[in-house]
Amino acid sequence: MFHCEVVDVKTNQITIEKAQKFIESQKCGASLYFLGTVRDHNNDKTVTGITYDAHDSMVKKSFKEIYEDAIQKLKLDHPAAFVEHAKGYVPLGGISVIIAVACKHRAQVYEFSRFIIEEIKKKTPIWKKEHYQGEETAWLEGKQIQVKN
Amino acid sequence: MKIKVELFGVCREFSDKDFIDLEFDKNIQIKDIRNEMIKFVENKFPENKNYLEMVKKSAFSSKDEIVEDEFMLNNNQTVSIIPPIGGG
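Protein sequence lines correspond, in order, to chains V and H.
Heads up: the first sequence is residues 1 to 149, going by our numbering.
Heads up: the second sequence is residues 1001 to 1088, going by our numbering.
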């Protein structure tokens, strides 16, 4: 069971309640909620917010592939995952990403959640522009996508 | 032939629009788009070595798939430039 979305924060918001409603199941004995949030410093600079950019259709495709990859590699029992990532300006403390997962047993949800976030960092076309005190901004240096030849 | 390049991440700084239109007088591959984007950045932002580096490090996608440098393009095709990523 899987849900993913790129959430335009101008018109919508990421909430734990939506995720909880999606993943709850009597077949699962464990649920885990991971939230990525905007912190107040990076590289010795005071951060006031982050603008997230995303290639929406590729992001959703990537999330689905990561989910399917996790199912195959981790051999999960009754897996459910709810993944949403913000697009647009997220202020300090705001939620940038939610990964809510559920499985039959607790060990699997830790692995499942960690797998998803680490793969997102490596494969999903999302970019961050940090906003600092005093109007300065900077796009963060990211990870180069490897092209399969 | 005309190609539309959709801009993402740091490459959005290249234009006020979400894309750049490029024109070619021959059949082209992705590597021709990259070379044209390099020329574009060198002309428009001669002082900004970071932009140049980002284009060199970028991947390109067509129809939501990352494509290699030898990928052939058709007239009026849209591609996306995918600079180094970093979500979460």
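Everything labelled a hint here was simulated from the structure, so no lab data went into it.
Since we're looking at a predicted model, the values are computed, not measured.
Careful: at least some of the hints might be erroneous.
[Stated by the list, open to error] Straight-line C-alpha distance at most 30 Å; calculated DSS-like pairs for lysine-lysine:
(1) H:1044 <-> V:60
(2) H:1004 <-> V:143
(3) V:121 <-> H:1031
(4) V:27 <-> H:1026
(5) V:60 <-> H:1056
(6) H:1004 <-> V:60
(7) H:1063 <-> V:122
(8) H:1056 <-> V:45
(9) V:129 <-> H:1004
(10) H:1026 <-> V:10
(11) V:27 <-> H:1056
(12) H:1026 <-> H:1057
(13) V:129 <-> H:1026
(14) V:64 <-> H:1031
(15) V:73 <-> H:1026
(16) H:1049 <-> V:121
(17) H:1063 <-> V:61
(18) H:1039 <-> V:73
(19) V:122 <-> H:1026
(20) V:129 <-> H:1063
(21) V:61 <-> H:1044
(22) V:60 <-> H:1031
(23) V:61 <-> H:1056
(24) V:64 <-> H:1056
(25) H:1039 <-> V:64
[Unchecked claim] Here are some chain V residues pointing at chain H (derived, C-beta under 7 Å):
(26) 48
(27) 51
(28) 56
(29) 114
(30) 115
(31) 117
(32) 120
(33) 124
(34) 126
(35) 145
[What the hints assert, rightly or not] Sample of chain V residues with no beta-carbon within 10 Å of chain H, all distances over it, derived:
(36) 25
(37) 27
(38) 47
(39) 53
(40) 57
Even glycine gets a Cβ: it sits at the ideal position worked out from N, Cα and C.
Against the structure, the hints come out as follows:
1. Using a Cα cut-off of 30 Å, the hinted pair residue 1044 (chain H) and residue 60 (chain V) is violated, with the two alpha carbons roughly 33 Å apart.
2. With a C-alpha separation of about 24 Å, the suggested pair residue 1004 (chain H) and residue 143 (chain V) falls inside the 30 Å cut-off, and the hint holds.
3. A distance of roughly 26 Å separates the Cα atoms of residue 121 (chain V) and residue 1031 (chain H); the hinted pair therefore holds under the 30 Å criterion.
4. Between residue 27 (chain V) and residue 1026 (chain H) the alpha-carbon distance is near 59 Å, which puts this suggested pair outside the 30 Å criterion.
5. Between residue 60 (chain V) and residue 1056 (chain H), the direct Cα distance comes to roughly 26 Å. Compliance with the 30 Å bound is thereby established for this hinted pair.
6. Distance restraint check for residue 1004 (chain H) and residue 60 (chain V): the Cα-Cα separation of roughly 22 Å lies within the 30 Å cut-off, and the hinted pair is therefore satisfied.
7. Between the alpha carbons of residue 1063 (chain H) and residue 122 (chain V) the distance comes to roughly 20 Å, so the proposed pair stays at or under 30 Å and holds.
8. Taking the CA atoms of residue 1056 (chain H) and residue 45 (chain V), the gap is near 27 Å; set against the 30 Å cutoff, the hint holds.
9. With a C-alpha separation of about 24 Å, the suggested pair residue 129 (chain V) and residue 1004 (chain H) falls inside the 30 Å cut-off, and the hint holds.
10. Under the criterion of a C-alpha separation no larger than 30 Å, the hint pairing residue 1026 (chain H) with residue 10 (chain V) is inconsistent with the structure, at around 42 Å.
11. A threshold of 30 Å between alpha carbons decides the hint, and for residue 27 (chain V) with residue 1056 (chain H) the separation of about 49 Å lies outside it, so the pair is violated.
12. For the suggested pair residue 1026 (chain H) and residue 1057 (chain H), the alpha carbons sit about 25 Å apart, so the restraint of at most 30 Å is met.
13. With a C-alpha separation of about 37 Å, the suggested pair residue 129 (chain V) and residue 1026 (chain H) falls outside the 30 Å cut-off, and the hint is violated.
14. Restraint check for residue 64 (chain V) and residue 1031 (chain H): satisfied, since their Cα atoms lie roughly 29 Å apart, inside the 30 Å limit.
15. Distance restraint check for residue 73 (chain V) and residue 1026 (chain H): the Cα-Cα separation of roughly 45 Å exceeds the 30 Å cut-off, and the hinted pair is therefore not satisfied.
16. Between residue 1049 (chain H) and residue 121 (chain V), the direct Cα distance comes to roughly 25 Å. Compliance with the 30 Å bound is thereby established for this hinted pair.
17. This hinted pair checks out: residue 1063 (chain H) and residue 61 (chain V) have alpha carbons roughly 11 Å apart, not beyond 30 Å.
18. For the proposed pair residue 1039 (chain H) and residue 73 (chain V), the alpha carbon gap of about 43 Å is over 30 Å, so the pair is violated.
19. This hinted pair does not check out: residue 122 (chain V) and residue 1026 (chain H) have alpha carbons roughly 35 Å apart, beyond 30 Å.
20. With a C-alpha separation of about 25 Å, the suggested pairing of residue 129 (chain V) with residue 1063 (chain H) holds against the 30 Å cut-off.
21. Restraint check for residue 61 (chain V) and residue 1044 (chain H): not satisfied, since their Cα atoms lie roughly 34 Å apart, outside the 30 Å limit.
22. Simply put, residue 60 (chain V) and residue 1031 (chain H) have alpha-carbon atoms about 26 Å apart, close enough for the 30 Å limit, and the pair holds.
23. Distance restraint check for residue 61 (chain V) and residue 1056 (chain H): the Cα-Cα separation of roughly 25 Å lies within the 30 Å cut-off, and the hinted pair is therefore satisfied.
24. Proximity of residue 64 (chain V) to residue 1056 (chain H) is assessed by CA-CA distance (about 28 Å); at most 30 Å being required, the pair is judged to hold.
25. Between residue 1039 (chain H) and residue 64 (chain V) the alpha-carbon distance is near 36 Å, which puts this suggested pair outside the 30 Å criterion.
26. With a least beta-carbon distance of about 18 Å to chain H, the hint placing residue 48 (chain V) at the interface is violated under the 7 Å criterion.
27. About 10 Å separates the beta-carbon of residue 51 (chain V) from the nearest beta-carbon of chain H, more than 7 Å, and the hint is not met.
28. Restraint check, residue 56 (chain V) versus chain H: the minimum CB separation of about 10 Å is more than 7 Å; hint violated.
29. A hinted interface residue such as residue 114 (chain V) counts as satisfied when its beta carbon comes closer than 7 Å to some beta carbon of chain H; here the least separation is about 12 Å, so the hint is violated.
30. Taken as an interface hint, residue 115 (chain V) does not check out: its beta carbon lies about 13 Å from the nearest beta carbon of chain H, beyond 7 Å.
31. With a least beta-carbon distance of about 6 Å to chain H, the hint placing residue 117 (chain V) at the interface is held under the 7 Å criterion.
32. The restraint placing residue 120 (chain V) at the interface with chain H holds, with a minimum CB-CB distance near 6 Å, inside the 7 Å limit.
33. Because the closest C-beta pair between residue 124 (chain V) and chain H is about 5 Å apart, less than 7 Å, the hint holds.
34. Against a cut-off of 7 Å between C-beta atoms, the interface hint on residue 126 (chain V) holds, since the closest Cβ of chain H lies about 3 Å away.
35. Checking residue 145 (chain V) against chain H: minimum C-beta separation of about 4 Å stays under 7 Å; hint holds.
36. Look at residue 25 (chain V): its CB is around 26 Å from the nearest CB on chain H, clear of 10 Å, so calling it non-interface holds up.
37. At roughly 29 Å, the least C-beta separation between residue 27 (chain V) and chain H is larger than 10 Å, which holds for a residue marked as non-interface.
38. The claim that residue 47 (chain V) lies off the interface holds: its Cβ sits roughly 14 Å from the closest Cβ of chain H, which is beyond the 10 Å cut-off.
39. Under the 10 Å C-beta cut-off, the non-interface status given to residue 53 (chain V) relative to chain H is violated; the minimum distance is some 5 Å.
40. Not every C-beta of chain H lies more than 10 Å from that of residue 57 (chain V), the closest at about 5 Å, which undercuts listing it as non-interface.
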